[in-house]
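Please model the entire structure based on the sequences and the hints provided.
The residues making up each chain are set out below.
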Amino acid sequence: MPETLPVTEPYRDARQQHEAAMMGMYIFLGSEIMLFGGIFSVAAALRLAHSPEIIQASHALHFGIGGMNTAVLLTSSLFVALGVEAGRGGKANAAAGWVTAAAVLGLCFLAVKAYEYRLEFSEGLLPVPGVQSRYVTGVQHLFMDLYLVATALHALHLTIGVVLLATLAVQTARGAIPVPERAIVLITAGLYWHLVDVVWVFLYPVFYLAR
Amino acid sequence: MSETATERVSYLRAGHSLKSWLLTTDHKRIAILYVLSITFFFFVGAIAAALIRLDLLTPAGDLLTNDGYNRAFTIHGVVMVWFFLIPSIPNTFGNFLLPLMIGARDLAFPKLNLLSWYIYMIAGLFTVFVLIAGGVDTGWTFYTPLSTMYANGNVILAASAVFIVGFSSILTGLNFIVTVHKLRCPGMTWGRLPLFVWSIYATSLVLVLATPVLSITLVLISLERLFGLGIFNPALGGDPLLYQHLFWFYSHPAVYIMVLPALGVISELVAAGARKPIFGYQFVAASSVAIAALGFFVWGHHMFVSGQSAYASAAFSFLSIAVAIPSGIKVYNWTATLFKGHISLDPPFLFAMAFIGLFVFGGLTGLMLAMLAIDVHVHDTYFVIAHFHYIMVGGTVSAFFGALHYWWPKIVGRMYSIVWGRLAAIFIFLGFNLTFFPQFLLGYLGMPRRYHVYPPEFQVLNVFSSVGATLLGAAYLMPFIYFIHSLRYGAPAGDNPWGATGLEWTTPSPPPKHNFDSVPLVDRPPYDYEVEMEGDNA
Ligand code: HEM
Ligand SMILES: [Cu+2]
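Order-wise, the sequence lines are chains A and B. My numbering applies: residue 892 is where the first sequence begins, and numbers increase by one. My numbering applies: residue 15 is where the second sequence begins, and numbers increase by one.
No wet-lab data here; the hints were simulated from the structure. Backbone N, C-alpha and C define an ideal beta-carbon position, used for all residues, glycine too. Wrong hints could be hidden among the right ones.
Said to hold, decoys possible - If you want the footprint, here are the derived chain B segments under chain A, 3+ residues with CB under 8 Å:
1) 57-70
2) 110-122
3) 194-200
4) 230-243
5) 246-258
Structure follows, in structure tokens:
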């Protein structure tokens, strides 16, 4: 393995390469925001059209479970930030440790979410064919449908994030990602994680709290 | 092996195996991969168009069944929009030229660039599969509830193809933006960027910000079709207009994805053809960004008669008309550049001239459509078809051919036949107008789009249009012949056959794998033609 990191093809120096990687990630996150933006505008349109029914439907969600998950995710973001800082400081093991902890919290979130879906399923809240539904009006269905689509899309992003963080943690611990030279990998992955987190910070009030 | 010796090998000769092409990260080779693949899809779309025009020769609709006709225009639209027009100029010329024009070795993320091509190909194969599986009948717009409840074609497969190709768009846009920001060579300030780079930059912003909205919309209609989700279904409290809002929030900006790169090409061609600095460089550059930005706020002009509120319509009408300002700036500045220039009539510049005329016509009819009262009359008629074909075929496709004729010597290192090039430009222009001008008249007289059975009094104009399409198709084939001929027999082009400014002309033709032997240094404004002419006189 090389002692100092070679600058790869199109770049003239390491700083330029670092800046390009950061910018690339920010732009990617911009497009992610537009993706979830589509969901949020649908949610807004439905709420404007059928406010009372949506408010009633949202009462059925377990906001306590959602709140707990919010805390889990926010803590995970803190761990990622600590991991990134450790990586920049050249402490490979500490970095790997924090990042692993964040990935584990991500798994916790997914587990809690799965439990919550199960609960909702048994309460007849989920739009699964063949299940006796608790809802009478179409709008209530619609709300739960959208909730399911939005949270599932978020969970998909989070799953990708968990895999990403776990891989990076292993590689950092093994030295395949030398820190601080390649800390940029941790930094950009961390940015992605924070965004997935921020999306939840908006999903939670929009579906659970605004009632 | 000495460094310089390897660096001087042209990108075409650096490796001959199939693998050296399919696993290349060289932006120039990826550009070639794109040229070949979009040409293939252009043919797929063109075959569908030929079926449509053949069927419209007679009022009876006797060639295709109703369903077959619907499938023909749907596949035509889907293939042309997402597999030809959107990637056409950015992914070929953008890929090839962007690093050369700003003095860089490659795009910022070469591997991502290759990945983007593979995603494009996977999506393209999906589309071919949709065709084999029997096609789709919703139109390229996938309007609900047709697409979610009534259509009996492969809606989900087609939506998946478009969903997948979106990732290719986003990655390419991202790559271009970062490249322009971070990889300009010393002295290549924002004020010295070639106008083509400005237009690709503006396009990339739209690609990155608009495409995800289409992605999520396609996911929603697929789920709705699969599971009866109901977000666009009024019976469940959903709203079909919501679909149109989301679709056009992407698709109007998408029309600027299709035309902005063409505007950039024309700026290059006009300056080189008139051998003058472009008039009002800053305004032309800024107008690209202005068009991209304004383009996000005019989508409602597709919904004037869909039942959106009159106040919304008025605002959208006003904003649509405002787009004419930056568009007009471009046209006036090109005209001012040509004024008193020594205008070359070589093929690329003929295409540029054709472009300007057709774009003005398409733009002016766009203004008519943006007027609430006129749109009520001509909405969903052939008038709209003619309008957007003037912009996208007369405009973008002409610019694509112009670019091909201008940069061909750089790309392959050989000249093609100038005489045949001129003839092709003239025939394409004539064929185009014969095909699409009658459609304005047809639309104004009330012929609706998407019908293949029509009243007999429309037949004459339809026959004109179909004959024109035949001429146009033949004219499009001409360049294929003389370009392929030039690959073998063309005279060596030299570094700078048009005597143009710009860093791409300072490299050998075809350029070496690493573009520049040493990092270039820019110390002159763009389109510095006068300085060169003084040099000539001295
Ligand atoms: C310059 C690039 C342009 C492109 C590529 C373009 C493309 C298109 C396309 C593809 C459609 C039809 C979509 C469909 O219904 O399937 C369309 C319709 C329309 N365009 Fe354009 N357009 C351009 C410029 C303009 C301008 C400058 C205006 C107004 C100032 C305009 C106003 C309209 C309107 C109002 C419609 C909808 C008409 C209707 O459906 O009744 N367009 N355009
Ligand atoms: Cu539009």
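Status of each hint after checking the structure:
A stretch counts as covered by a chain when three or more of its residues have a beta carbon under 8 Å from one of that chain; for the region 57-70 of chain B and chain A the count is 0, and the coverage is violated. Counting residues of the region 110-122 of chain B whose beta carbon lies closer than 8 Å to any beta carbon of chain A gives 6, which meets the minimum of three for the stated coverage. Interface restraint, the region 194-200 of chain B with chain A: holds (3 residues with C-beta to C-beta distance below 8 Å; minimum three). Counting residues of the region 230-243 of chain B whose beta-carbon sits less than 8 Å from any beta-carbon of chain A gives 7, enough to reach three: the coverage restraint holds.
Here's how the region 246-258 of chain B fares: 6 of its residues keep a CB closer than 8 Å to some CB of chain A, so the rule of at least three is met and the hint holds.
In summary, the structure is inconsistent with hint 1 from the numbered list given earlier, while agreeing with all the others.
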